[in-house]
Structure formats: structure tokens, C-alpha cells
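Residue numbers (the working numbering), protein chains in the order written: chain A, 778 to 1274; chain B, 778 to 1274.
Check each hint, because a few of them may be wrong.
Same chains, same names: a pair is fine if it fits in one copy or spans any two.
[As the list claims (entries may be wrong)] Below 30 Å or equal to it, Euclidean Cα-Cα: the simulated DSS-like pairs (lysine-lysine) are:
| hint | residue 1 | residue 2 |
| --- | --- | --- |
| 1 | 1085 | 1053 |
| 2 | 1085 | 826 |
| 3 | 1119 | 815 |
| 4 | 1085 | 1048 |
| 5 | 833 | 1089 |
| 6 | 948 | 826 |
| 7 | 1046 | 1059 |
| 8 | 1242 | 823 |
| 9 | 1138 | 1053 |
| 10 | 948 | 823 |
| 11 | 1089 | 1234 |
| 12 | 1059 | 841 |
| 13 | 1085 | 1059 |
| 14 | 841 | 1242 |
| 15 | 1048 | 815 |
| 16 | 823 | 1234 |
| 17 | 1053 | 815 |
| 18 | 1138 | 1059 |
| 19 | 815 | 826 |
| 20 | 833 | 948 |
| 21 | 1234 | 1059 |
Bear in mind the hints are in silico, worked out from the structure with no lab data behind them.
Model, not experiment: these values are computed from the prediction.
2 protein chains.
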Amino acid sequence: MVAGEEMSGRLEWRINVSNGASKVLEPEQGLVGRVWHKAYSLMIMKIWKFLVNCWKIGVAEPRKFIHCVKVGVALSVVSLFYYMRPLYEGVGGNAMWAIMTVVVVSEYTVGSTIYKSVNRVIATTIAGSIGVGVHWLASHCDRRYQPFVLGASVFVFASTATFSRFIPTVKARFDYGAMIFILTFSLVSISGYRVEELVMMAQNRASTVAIGISLVILVSMLCWPVWAGDHLHNQTINNLDKLANSLEGHVADYFNNQENDKISEEELKKKLQGYKCVLNSKATEESMANFATWEPAHGRFYFGYPWKQYLKIGAAARSCAYCIDSLNSCIDSKLQVPEFLKNHIVDKCTRLSSCCSDVLKELVTSIKTRERQSNIDFLVDKMIFQVEEFQNAIKAVPCEILFQVSTTNENSVDRNREKIENSNQSSLLDVMSLGLVSTLLIEIVGRIEEIAQEVDKLSNMAEFKIKKENKLQEIQPGACNQTKTEGQETMKAIEEV
Amino acid sequence: MVAGEEMSGRLEWRINVSNGASKVLEPEQGLVGRVWHKAYSLMIMKIWKFLVNCWKIGVAEPRKFIHCVKVGVALSVVSLFYYMRPLYEGVGGNAMWAIMTVVVVSEYTVGSTIYKSVNRVIATTIAGSIGVGVHWLASHCDRRYQPFVLGASVFVFASTATFSRFIPTVKARFDYGAMIFILTFSLVSISGYRVEELVMMAQNRASTVAIGISLVILVSMLCWPVWAGDHLHNQTINNLDKLANSLEGHVADYFNNQENDKISEEELKKKLQGYKCVLNSKATEESMANFATWEPAHGRFYFGYPWKQYLKIGAAARSCAYCIDSLNSCIDSKLQVPEFLKNHIVDKCTRLSSCCSDVLKELVTSIKTRERQSNIDFLVDKMIFQVEEFQNAIKAVPCEILFQVSTTNENSVDRNREKIENSNQSSLLDVMSLGLVSTLLIEIVGRIEEIAQEVDKLSNMAEFKIKKENKLQEIQPGACNQTKTEGQETMKAIEEV
Chain A
778 MVAGEEMSGR LEWRINVSNG ASKVLEPEQG LVGRVWHKAY SLMIMKIWKF
828 LVNCWKIGVA EPRKFIHCVK VGVALSVVSL FYYMRPLYEG VGGNAMWAIM
878 TVVVVSEYTV GSTIYKSVNR VIATTIAGSI GVGVHWLASH CDRRYQPFVL
928 GASVFVFAST ATFSRFIPTV KARFDYGAMI FILTFSLVSI SGYRVEELVM
978 MAQNRASTVA IGISLVILVS MLCWPVWAGD HLHNQTINNL DKLANSLEGH
1028 VADYFNNQEN DKISEEELKK KLQGYKCVLN SKATEESMAN FATWEPAHGR
1078 FYFGYPWKQY LKIGAAARSC AYCIDSLNSC IDSKLQVPEF LKNHIVDKCT
1128 RLSSCCSDVL KELVTSIKTR ERQSNIDFLV DKMIFQVEEF QNAIKAVPCE
1178 ILFQVSTTNE NSVDRNREKI ENSNQSSLLD VMSLGLVSTL LIEIVGRIEE
1228 IAQEVDKLSN MAEFKIKKEN KLQEIQPGAC NQTKTEGQET MKAIEEV
Chain B
778 MVAGEEMSGR LEWRINVSNG ASKVLEPEQG LVGRVWHKAY SLMIMKIWKF
828 LVNCWKIGVA EPRKFIHCVK VGVALSVVSL FYYMRPLYEG VGGNAMWAIM
878 TVVVVSEYTV GSTIYKSVNR VIATTIAGSI GVGVHWLASH CDRRYQPFVL
928 GASVFVFAST ATFSRFIPTV KARFDYGAMI FILTFSLVSI SGYRVEELVM
978 MAQNRASTVA IGISLVILVS MLCWPVWAGD HLHNQTINNL DKLANSLEGH
1028 VADYFNNQEN DKISEEELKK KLQGYKCVLN SKATEESMAN FATWEPAHGR
1078 FYFGYPWKQY LKIGAAARSC AYCIDSLNSC IDSKLQVPEF LKNHIVDKCT
1128 RLSSCCSDVL KELVTSIKTR ERQSNIDFLV DKMIFQVEEF QNAIKAVPCE
1178 ILFQVSTTNE NSVDRNREKI ENSNQSSLLD VMSLGLVSTL LIEIVGRIEE
1228 IAQEVDKLSN MAEFKIKKEN KLQEIQPGAC NQTKTEGQET MKAIEEV
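Chain A on its own, in the form it takes in the complex (with noise of 0.2 Å):
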């Protein structure tokens, strides 16, 4: 703006001065000028604004930087490897395919890098040789029948490829594969007819992208790696993290809680809000489990993990969010409860959600080192006792006191939405969104132990390590709230349940 601005002020300096003291024609040239330098400075800013987002992205993730450095660079010397002239004459016309090959298979992960390549290989070969067989088969006819002979198997291929990618199976893992097969096909066999060296020309087709595929999987693999499977045990990580947080943090809202107030606003919608990227996980995580099992071993992980329990794991934190999302939506209604009906319950339904997200970081701990957590079943069975805990809290509500909130608490319910006034409302609506909460937290509970259920079996079918300490003794001083003696009564409690 500031440059646009400039601008413009030198450009009607320099009018004044030629055309001396031509006020008439100011004005108009000023006009023009004025609208072009807005629109030109217009479109600086809208350039600058573009470019602070791009950096912005970057700096958010270095890594897809990197990847761009990587790619520039595995182009960068397939193209000069073809620029030299010996290894030109050597590798013949076709260098062209090493090229090709780079550009598309080079992906950010490795896995979907490593996905893309094997089915361009096995594609290619595949086609190849049957190509080569129509081929033949079709030299051996009449030739007034060789295009019907060529044009039939192009078009029975083709369309047998085509369809193969809407079976499910087969798009999830060969979806590439199926049209590099109908490329490769289509050319062997109609260039056939050109060429007459279609076995030489398979060799050095071959030659060219095994150069590309091994410099690109090389680069990929060895310099500052993006493995899929780390994205997705991350992702699995932070999103059973988000639930815990904002499982707490709508909790401490609804009652009012002083732990709220200890973070900024901001920061507070954010941990609130958390649960909304859980919502719409599916996708990514079904793609990134697709790519994570074509990577070799890397890390703590080995070929063969078993991925895709991270999918039940993402689909029992999916349900849970979906309980979450009611709990806000029934929070933010601001269906008022009345303040001494929320004291009977305030200090279990507090503990009782700082027991759930416990449980959920005692989860995120155990997937994060690989290690099993002996005190999950603990922090599970006192979650249950909390949920007991809290049934006999709603239960001590004594009745009267509902009467008495009928007849003093009239206009307590005030729903903005149904725009309607509705001055006689009963108390037993109080009520009931005050078991709205407590029966979505009763609900949120079995679905986190559904999450455990899962995490598990992961733990079982990735052998994960046992932690030798038991932690038991050093959790539960402080833990949930609870004093050291409240907590042995816990376990007294859980025990004889």
C-alpha cells in the first residue's frame, strides 16, 4: 500500500510539472491514474498477502520446504544426466521417461513415493508383456484384420483397466497402477507396428525409469524422510489429545471453573474447538494408512505394523468427538441450570471428566513410547467407579428441591433460538439439561473405553513393550483432583465392585 501510494504521488508530481499548471486536465489524468496505481497496488498487496501465506505454510511445516529442495534437486540431475551427451547416446531417446518418471513419482510421503512406483513397475511390466502379445498376435493376422485385432484388445483392456479402479480393493492400492497399465498397453501395442524393436526399446524403457525410480526413492528415503506412518501415529496421538483438552476445558465452561480463567481467551477456543478437527479425520487417515504399509521399517516401526488398527483408533476418537460436539452445542444453549442444582454435581462431574482425560493421556503416553501403561486399566476401572460415583451424586439431588426451583426460578430457561417466550417453564427442563450433560459424560465414557479397547489391541498386535514400574503409587497423590485419601477409598471401592 505504502509503495502504491509513492507511486501514485510521484506520478502526479511529474504531470504537474510537464504539463505546468493545467488544472483542468488534472483532475481526469489523475482519475486514470489514481484507479490504475489502486488497482496496481491492489494487486501487490493481494501478491504480498499471497506470498506471507506461502511462507506461512512453510514455516508452519519446514518439511514441505524441504520436499520442494528435494524434488528441484532429483530433477535437477535426472535433467542434467540427460544433458550429458555420453550417457545421452547410452541411455538413447527414451532419457525422456527418467524425467517423466521423477515428476510423477516424486510425493511428499515415502510411502505414497514408494506406492506410486512399485505399481508403475509392475504396470508397466505387466502391460508390457501382454502388449507385446497382441502384438504378436496381430502380426501373425491378415493385415486388412490387424487394426480390428489392435483396436478390440486396446478397447477390451482399457475398459477392464477403467473399471477395476471403481472396486474398492483394488483403487485403494493399485488405482495408479491400473492407469499406468492402460498407457503402457495402448503404446506397446499400437507402436508395435512402428518401431519393430519393441524388445530394445523395452530395455531401454526399462533402464530409464529404474534410474528415475531409484534416484527418486533414494532421495526420498535418505534425505530428511516424510514417513506416512509417522504422520498417521502422530495424527492418532494429537487428535486423542485434542479430545482430553477439550473434553476438560467444556466441562470447567459449563461449570464455571476458575481453570478456565488461567489461559487466554484464545487459547481457550482453541482448546475448546479442538475436537472439531477429529470430526473429519477419515479420509486423511485412511490415505495415510494406505501409503504407511508400502514403507520398509524406519524408527520404531517395521514393515508389516499394523496400521490399520489406527483407523478403529481413529473411528472410536471419531465417535467420541461426535458426543463432544453435542456436549458443546447443549453448553453453548445456554440452557441455564440453576447454580445450587450444579453444586450437588459439580465436584464428580469435574473429577469425572479429569478421570476421562486421564484415561485419554494415559492412551496418548502408551501409543507415544509404544510402551503398554500398566495403570490404563487402573485409570479405566476408576473412571468407571467416577461414573458410579456420579450416578449417586444425581441421585442424593433431593426431589423437593425441584419443586422449590419451579415456583422461584420461573424465567430460568431462556431459548434464544426458538425465538419463542415462555414464561411457565417447568424446572424439570433444568433438569433435564442438566442430564443432557450427564448423560452425554456417562456416554463420552464408554466411548473412551471403546478408544482403549482399540489401543489395546494395538498394543497387542505391535507387542508393545511393558513398562516394568508400576506407576500406581506415584499417580495417585493429586491425581483427578482427589486427595491421597479419597484415592485409597477409590481403590478400596473399585475393589470390592
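Please arrange chain B on chain A, whose structure you already have, making use of the hints.
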């Protein structure tokens, strides 16, 4: 299985004949044979199952079969085009590019085909021009520096284009173009050194790509076209319809209505679980909306139709589905509510849910016919009025009843999931479970209102026709399970509000 056993039988018989009565050999041979035939028949079985599966996919959506035939035809035509010598000499060896273009650009929907074609043309043009420029620059440099100039330019442009694919706006509209840009630029800037007839090559390339693209677009638009816009439109309609059915089904299920007895168990399950495919619809909807923006006017949809608004409707529908998911699980959890308590609200509750699904179905009709249904506002108002009625019904439940329940129905709550036996469960929990259903229903009403608002915005943006005849009179009797007098009362009540 039958074929396999038959074969295995035949083989054993043959062995018996050739070896006479050599009983020692028989079991060994038989074992190998049996294992082999078992594996063989298992394979046959698997392939057969796979084929049956394929057939089912095709029959469920015959347009997929048609699409495959279309790709086959387009590819055969281009191949034969290339095969004919006269044309071959005219277009040159670059005719390979025509085949490649057909294979790569052929997509299921018209929108994605056009998206890819436009991207391919624009990217090829831009990359070609820049490539020629870089080539010209390099040719004016000292011979020794040429590789560095070319290598550096490939590195810079490839990295930049790769990075641009991470930017959401670019990714949504020009992801494919960025890839083609890198490919063409590398090929042109490097190959220029060899061919020295860049312009000639560019002309050839352009003509072949043009042939390929025009053929594919013609085939995809003229022969049984599959429009991404239609797909999105129908999916939105289906999703809203499924929500309506699921909601009605769940409430009927909760109150053990006879309505659900009319249909078979399988159909009921399908009806109840219908909302589940709405939960994860985001990814499909977004890609469809993206492709739909590329499509020319077709049927009742013009170019520039507000497809983005469908995404908002989809988001509102999903948020409604999240609530139904909570409703589903709270009904599944078998928190038994005493029958007489249910009886107090069963009528109002069923009527409310039926009003909700009426609104949804009317919205479906509105989107389907692209007409403003004049009675949507009426139905929404009626739905809101039913909420009020519903709240009044809850209010009317005398609090003494709760006491009575707590003494008589002590064992009514039995949550298996938490494995807690709780003999002195409070009845307040029963009320709360009822409260959960009620409050969720009220929340669902709010979310349906949001859907209605988004559909209303769509009707403004897409300029839906206004339906002339007033269906108010036709709808009143019988709708929402109301008698005529009740309907009139409702109207009066709404007027008063």
C-alpha cells in the same frame, strides 16, 4: 467348491487306475492332490467372488460400466488414428502424446475431465513458453555455463511449482496443472538443446494434445455424461432424506412404536443406520463441488451455479448427523425409562420427530424441484411450536411420579457396559435419560433450522422459482399425525406467537 471336489474326485480315480491297487501310494498322492485341488478350488472361489463383486458394483451403478466403455472407445479411436499412416505422418511421432492425453484426462465425471484438460492446456502453454525462454537464455550464455543455467532453472521452477501444490487454493484448483508444468518445463528446457526445432515440436505437441483433449471432452459430455454437479446435488438430497428417515426411525424405536413393525428387520436397520454415511461425506462433497465448478451449463444447472453452498448444506447436515449419532447410542444403551413416564411424552415426541422429518423432506423436495416450497416456513414454525408443546408436556409430568418411581422401579436401570451392579439406582437417572432424548431432539430441531437456513440461502443464490399454489391447505390434515382440528389449533398458536 463343487467344481473343485468333482475334479479332485476324477484325479483320484485316475490314480487308482494307473497304479492298480497300490494303496500305499494313494494317501500320499491323494494328500498332495487334495491340497493342490483345495488351493485350486479356493482360488477359483476367490476369483468367482471377486467377479460377482465386480458385477454387483457395475449393476448398482450402470454408469460405471458405461464410463469404461467410453474410455475404451476413446482410446481405440485415438490408437487407430495413430495407426493410420497418413495421419501419422501429418502429426508426427508426437502422436504418442495424444494417447497419453486420452489416458490421463479420461475421468469419471465431466467436471474432473474438464478440470484436468484445462489444467493440462494452461500448464503446458505456460511451461512451454518459460522453457523456450530459459532455453534462449542458456543458448546466449557461454557453453561452459549452460548446464548450470539449465540445472538452476529446473531446480527453481520445479521447487516453486512443487511448493504451490501445498497451498490449499492452488491444490484445490491447479494441483494437476502444477505437475504438468514441472513435467513440460523440464522436458522443453532440456530437450531444446537436442532438437533445435522447439517451435515446430511445440506445434506438433499442441495439435496432438488438442486432438486427444477434444475427443475425450466430446465423448465424456455427449455420451451418457456423468456430471459432478448432478452427483453432488443428488448426494445432498439423499443425505437429507436419510437424516429424515433415521430420525423418525430412532424416535419410533425408542418408544417402541408400531410403525417400525411394518417393515422388515433389515430395512429397519438400513433406515436407522442411514445417517452414518452422512457423517463422513465431507471429502466426497468437497471434491465434487470443486469439479462441478468446471462444468458448463447442463440440465437445470447453469455455469457458475452456487455449488459452494451445497458444502454449507452438507456441513449443517453433518452436524445434525452427529446429534443423531448421540441419540442412536443413547437409545442403544438401553437406559430403561419407565413406560408410564414415556407415555407422558410419547405423542408429543413422535409428533415433533415427524415434524422434523417433514421439514427435511420438504427441503429435499425444494432442492430436488428447484422450487421455493412456500410451506417450508410454515413447517419450520410448526416444528418450533411442537418444541414448545413438547416442553409443556415435560412440564406437565408431576414431580410426585418421580418419587413413586424411585421406590417401585429400583432395578430399572442396568447399564451392562459399565459392569456395575447398582441396585439402589435413583429414578432421577431415568428422568435424565428421558431428558437426554428430549434435549437432543430439541438440539436436532436447532440444527435442522440451520439446514433450512442454508437451503434458503441456496434458493436465493440459485434463484429458485416460487411455487404458485399454496399447499398449506393440502398439507394440514393428516400431516404430522395430526387431526384437522389439531392442525388448526397449531396455526392459531403460531399466529399468537
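Hints versus structure:
no.	hint	in the structure
1	1085 - 1053	both (23 Å within a copy, 20 Å between copies)
2	1085 - 826	between (40 Å within a copy, 24 Å between copies)
3	1119 - 815	neither (58 Å within a copy, 67 Å between copies)
4	1085 - 1048	both (28 Å within a copy, 29 Å between copies)
5	833 - 1089	between (33 Å within a copy, 27 Å between copies)
6	948 - 826	between (38 Å within a copy, 17 Å between copies)
7	1046 - 1059	both (23 Å within a copy, 23 Å between copies)
8	1242 - 823	neither (53 Å within a copy, 38 Å between copies)
9	1138 - 1053	both (18 Å within a copy, 28 Å between copies)
10	948 - 823	between (39 Å within a copy, 18 Å between copies)
11	1089 - 1234	within (10 Å within a copy, 38 Å between copies)
12	1059 - 841	both (22 Å within a copy, 25 Å between copies)
13	1085 - 1059	both (12 Å within a copy, 21 Å between copies)
14	841 - 1242	neither (33 Å within a copy, 48 Å between copies)
15	1048 - 815	neither (41 Å within a copy, 58 Å between copies)
16	823 - 1234	between (51 Å within a copy, 29 Å between copies)
17	1053 - 815	neither (40 Å within a copy, 51 Å between copies)
18	1138 - 1059	both (21 Å within a copy, 28 Å between copies)
19	815 - 826	within (16 Å within a copy, 66 Å between copies)
20	833 - 948	between (34 Å within a copy, 16 Å between copies)
21	1234 - 1059	both (20 Å within a copy, 29 Å between copies)
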